[in-house]
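2 protein chains.
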Amino acid sequence: MNKLYVFGHSNPDTDSIASSIVFANLQRALGYDATAYKLGETNKETKYALKSFKVEEPQTLSSVDETCDVAMVDNNEFSQSVSGIEKAHIKMVVDHHKIKFETVEPIFYITEPVGCTSTILYKLYRQNDIQIDSQISGLMLSAIISDTLLFKSPTCTDQDKQIAQKLASIAGVDIDSYGKDMLKAGTDISDFTPFQVINIDSKEFSDKNARFEISQVNAVDLDSVFSRQSELEEAINKEIQEKNLDFYMFAATDILNANSKIIAMGNKAKTVEKAFGISLSNNTAMLNNVVSRKKQMLPNILNNLD
Amino acid sequence: MNKLYVFGHSNPDTDSIASSIVFANLQRALGYDATAYKLGETNKETKYALKSFKVEEPQTLSSVDETCDVAMVDNNEFSQSVSGIEKAHIKMVVDHHKIKFETVEPIFYITEPVGCTSTILYKLYRQNDIQIDSQISGLMLSAIISDTLLFKSPTCTDQDKQIAQKLASIAGVDIDSYGKDMLKAGTDISDFTPFQVINIDSKEFSDKNARFEISQVNAVDLDSVFSRQSELEEAINKEIQEKNLDFYMFAATDILNANSKIIAMGNKAKTVEKAFGISLSNNTAMLNNVVSRKKQMLPNILNNLD
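Those protein sequence lines, which keep their order, are chains G and W. First residue of the first sequence? That's 1 in the numbering used here, and the numbers climb one at a time after it. First residue of the second sequence? That's 1 in the numbering used here, and the numbers climb one at a time after it.
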């Protein structure tokens, strides 16, 4: 029997890494020589999940060729996969995305419109009567929490929720507290300098009336971001001076509650107050239901420049 | 919730009809308004299976349109499906053939390299904890027996065999005797005239040395075919005279044992003896391991014409 290479998509998220490990484990239990790989560096959230359940990171795979038997998880498109994928023998696909696929013979291909690949994998374990240990269970749970943003994402289904409950009980964790800790780990910026924090995702804009910058970071715990308010303000002030900005808006977006807490500074910081109908207090304000820079923050500001 | 139209391929076989009924039943158990349809007349084998388990034939579906939610079973190619399929909303696919498929959103799509769609459906019932009654069980068993030729086909897998055993015990039938009876019903020619029997699948060939015809029928019970030998010979003789043939070979092919029993008649019937290294006795002979007209019968005869 040929070795089976199991991997997710490039720029791997927690589902891609976890599902690779979980599916390779299932195939080994079914008698295959299966090994999980990753197609890129694991992010902080995934590292937290792996560490929590004492599972080692898979090796990185740089290419496959015509000698390789392959299982694709969490994706089915060659453009998101490893170099050489078009030459490999794709034996299995487990996915939850749209389909664009063609084979010359029947293969094992499962995709379902659920929030997470691991939700499907849980059912495959059950179908094959393969026991799910606490490590495998913890990884699947982590993947579901990640893909569904702790069940808040519109892609989350009842199946994802129900299976997450079962997995949490096997893994012996409280979904809510573990989930928040894991998502928080993914948004951890504690090892970033204030300058790095405000430049994680920052864009400069200008029109005839003003020159300004909007910076955004994702967060689970807004308090931990704002515990660094004074040093963030120092970095923002430096940017304003160096770039000769009229104002600067830094937004920490709470991915679970869909709100953003901002710091706004500069000569024309009042534009931000007008744009969102809020009053800045100690340079900060909460913007309820505001999460998108492109669709919400920027248009409101552009409409209120003077 | 929209009505779900469930159907297999055109020119339906037992798996296409049975899997449509079985999958629609599963979806109803899961809360969907699902109805099974057929895309053409049911054959004798399928009629036998439906009658055995007291299940009604599905209605025939002639077309679908953009208002229809659809589940395709036992196929995934539009060319084998109903008129209008390209406009319909394909919500689910359960299949065991090669894949050529594209969607704009995630759907429920399962295909596995097993011998029969019903083998996959059994696992879906199990996965969803939906009970399988004796009727549904009997239909799935019939589909597996049909697609795998009672486990003799090279496409048959261990899964097909194991699941067929479980289904037979629920359905309360003996696989071997029920299976042979069903396959026999599919090859039943008792209501055909001798002229119809020899013309079910007959082809005329000629070269400079001879003009001949090879006719083939599938059979489970060769004896029942040859109980009509004298009237078949009468019909064959008429063909020889009317078409001025040098010889005529009629082959009844035993689909379970991969042999053919022939009747060969005409002035140059000795060609057949030479072609297969046999001696005709009472115009008949057994050709062991000969099943294909195109790949075995015709080349052997063409190589021995004189």
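If you're looking for bench data, these hints aren't it; they were derived computationally from the structure. Every residue, glycine too, gets a C-beta built ideally from N, C-alpha and C. Check before you lean on any hint, since a few could be wrong.
As the list claims (entries may be wrong) - Each pair of labels, with its calculated beta carbon distance range:
no.	chain 1	residue 1	chain 2	residue 2	range
1	G	128	W	279	51 to 59 Å
2	W	131	G	196	53 to 61 Å
3	W	199	G	100	22 to 30 Å
4	G	105	W	289	23 to 31 Å
5	G	180	W	78	18 to 26 Å
6	G	54	W	108	50 to 58 Å
7	W	87	G	196	36 to 44 Å
8	G	206	W	108	22 to 30 Å
9	W	158	G	41	35 to 43 Å
10	W	10	G	65	48 to 56 Å
11	W	289	G	104	25 to 33 Å
12	G	98	W	87	12 to 20 Å
13	W	63	G	180	49 to 57 Å
14	W	100	G	226	49 to 57 Å
Said to hold, decoys possible - Cross-link-like lysine-lysine pairs, in silico, PhoX-like; alpha carbons within 25 Å at most:
no.	chain 1	residue 1	chain 2	residue 2
15	G	98	W	203
16	W	161	W	203
17	G	161	W	123
18	W	161	G	98
19	G	87	W	123
20	G	47	G	161
21	W	3	G	98
22	W	261	G	3
23	G	166	W	123
24	G	100	W	166
25	G	184	G	100
26	W	123	G	123
27	G	98	W	87
28	G	100	W	152
29	G	100	W	87
30	G	184	G	203
31	W	268	G	123
32	G	184	G	123
33	W	295	W	261
34	W	123	W	152
35	G	123	W	270
36	W	87	G	123
37	G	243	G	44
Status of the hints after comparison with the structure:
1. Separated by about 54 Å at the C-beta atoms, residue 128 of chain G and residue 279 of chain W satisfy the suggested range of 51 to 59 Å.
2. About 58 Å separates the C-beta atoms of residue 131 of chain W and residue 196 of chain G, a value consistent with the hinted range of 53 to 61 Å.
3. Here the CB-CB span from residue 199 of chain W to residue 100 of chain G is close to 46 Å, at odds with the stated 22 to 30 Å.
4. Separated by about 26 Å at the C-beta atoms, residue 105 of chain G and residue 289 of chain W satisfy the suggested range of 23 to 31 Å.
5. Taking the beta carbon of each, residue 180 of chain G and residue 78 of chain W are about 47 Å apart, not inside 18 to 26 Å as hinted.
6. For residue 54 of chain G and residue 108 of chain W, the Cβ-Cβ distance of about 34 Å falls outside the hinted range of 50 to 58 Å, so the restraint is violated.
7. The hinted range of 36 to 44 Å is not satisfied by residue 87 of chain W and residue 196 of chain G, whose Cβ atoms lie roughly 52 Å apart.
8. Distance hint for residue 206 of chain G and residue 108 of chain W: a CB-CB separation of about 49 Å, inconsistent with the stated range 22 to 30 Å.
9. As the Cβ distance of residue 158 of chain W to residue 41 of chain G is approximately 40 Å, the hint placing it in 35 to 43 Å holds.
10. In this structure the supplied range 48 to 56 Å is violated for residue 10 of chain W paired with residue 65 of chain G, their Cβ-Cβ distance being about 40 Å.
11. Checked against the given bound of 25 to 33 Å, the beta carbons of residue 289 of chain W and residue 104 of chain G, roughly 28 Å apart, stay inside it.
12. Take residue 98 of chain G and residue 87 of chain W: their Cβ atoms lie about 18 Å apart, and the range 12 to 20 Å holds.
13. A beta carbon spacing of about 52 Å between residue 63 of chain W and residue 180 of chain G agrees with the range 49 to 57 Å that was offered as a hint.
14. Taken as a hint, the range 49 to 57 Å holds for the pair residue 100 of chain W and residue 226 of chain G, whose Cβ atoms sit roughly 54 Å apart.
15. At roughly 47 Å between alpha-carbon atoms, residue 98 of chain G and residue 203 of chain W are farther apart than 25 Å, so this suggested pair is violated.
16. Our distance criterion of 25 Å between C-alpha atoms is broken by residue 161 of chain W and residue 203 of chain W, whose separation comes to about 36 Å.
17. Only pairs whose Cα atoms come within 25 Å are accepted, and residue 161 of chain G paired with residue 123 of chain W is accepted, the gap being roughly 22 Å.
18. The suggested pairing of residue 161 of chain W with residue 98 of chain G is violated, with an alpha-carbon distance near 33 Å, which exceeds 25 Å.
19. Distance hint between residue 87 of chain G and residue 123 of chain W is unfulfilled; the C-alpha atoms sit about 32 Å from each other, more than 25 Å.
20. Proposed proximity of residue 47 of chain G and residue 161 of chain G is supported: the alpha carbons are some 23 Å apart, at most 25 Å.
21. Taken as a hint, the residue 3 of chain W and residue 98 of chain G pair is honoured in the structure, with Cα atoms around 22 Å apart against an allowance of 25 Å.
22. Taking the CA atoms of residue 261 of chain W and residue 3 of chain G, the gap is about 46 Å. The hint is violated against a cut of 25 Å.
23. At most 25 Å may separate the alpha-carbon atoms for a hinted pair to count; residue 166 of chain G and residue 123 of chain W meet this at roughly 20 Å.
24. Between residue 100 of chain G and residue 166 of chain W the CA atoms are separated by roughly 35 Å; this puts the pair beyond 25 Å, and the hint is violated.
25. Note on residue 184 of chain G and residue 100 of chain G: the hinted pairing is violated, with a Cα-Cα distance of about 34 Å set against a maximum of 25 Å.
26. Between residue 123 of chain W and residue 123 of chain G the CA atoms are separated by roughly 10 Å; this keeps the pair inside 25 Å, and the hint holds.
27. Proximity of residue 98 of chain G to residue 87 of chain W is assessed by CA-CA distance (about 17 Å); at most 25 Å being required, the pair is judged to hold.
28. Using a Cα cut-off of 25 Å, the hinted pair residue 100 of chain G and residue 152 of chain W is violated, with the two alpha carbons roughly 34 Å apart.
29. About 18 Å separates the Cα atoms of residue 100 of chain G and residue 87 of chain W, which keeps this hinted pair within 25 Å; it holds.
30. A hinted pair counts as satisfied when its Cα atoms are at most 25 Å apart, and residue 184 of chain G with residue 203 of chain G qualifies at roughly 24 Å.
31. The suggested pairing of residue 268 of chain W with residue 123 of chain G is violated, with an alpha-carbon distance near 64 Å, which exceeds 25 Å.
32. Taking the CA atoms of residue 184 of chain G and residue 123 of chain G, the gap is near 28 Å; set against the 25 Å cutoff, the hint is violated.
33. Restraint check for residue 295 of chain W and residue 261 of chain W: satisfied, since their Cα atoms lie roughly 17 Å apart, inside the 25 Å limit.
34. Distance check on the hinted pair: residue 123 of chain W and residue 152 of chain W sit about 22 Å apart at the alpha-carbon level, within 25 Å; holds.
35. Between residue 123 of chain G and residue 270 of chain W the CA atoms are separated by roughly 62 Å; this puts the pair beyond 25 Å, and the hint is violated.
36. The hinted pair formed by residue 87 of chain W and residue 123 of chain G fails the criterion: a straight-line CA distance of about 31 Å is larger than 25 Å.
37. The hinted pair formed by residue 243 of chain G and residue 44 of chain G fails the criterion: a straight-line CA distance of about 32 Å is larger than 25 Å.
Hints 3, 5, 6, 7, 8, 10, 15, 16, 18, 19, 22, 24, 25, 28, 31, 32, 35, 36, 37 from the earlier list are contradicted by this structure; the remaining hints agree with it.
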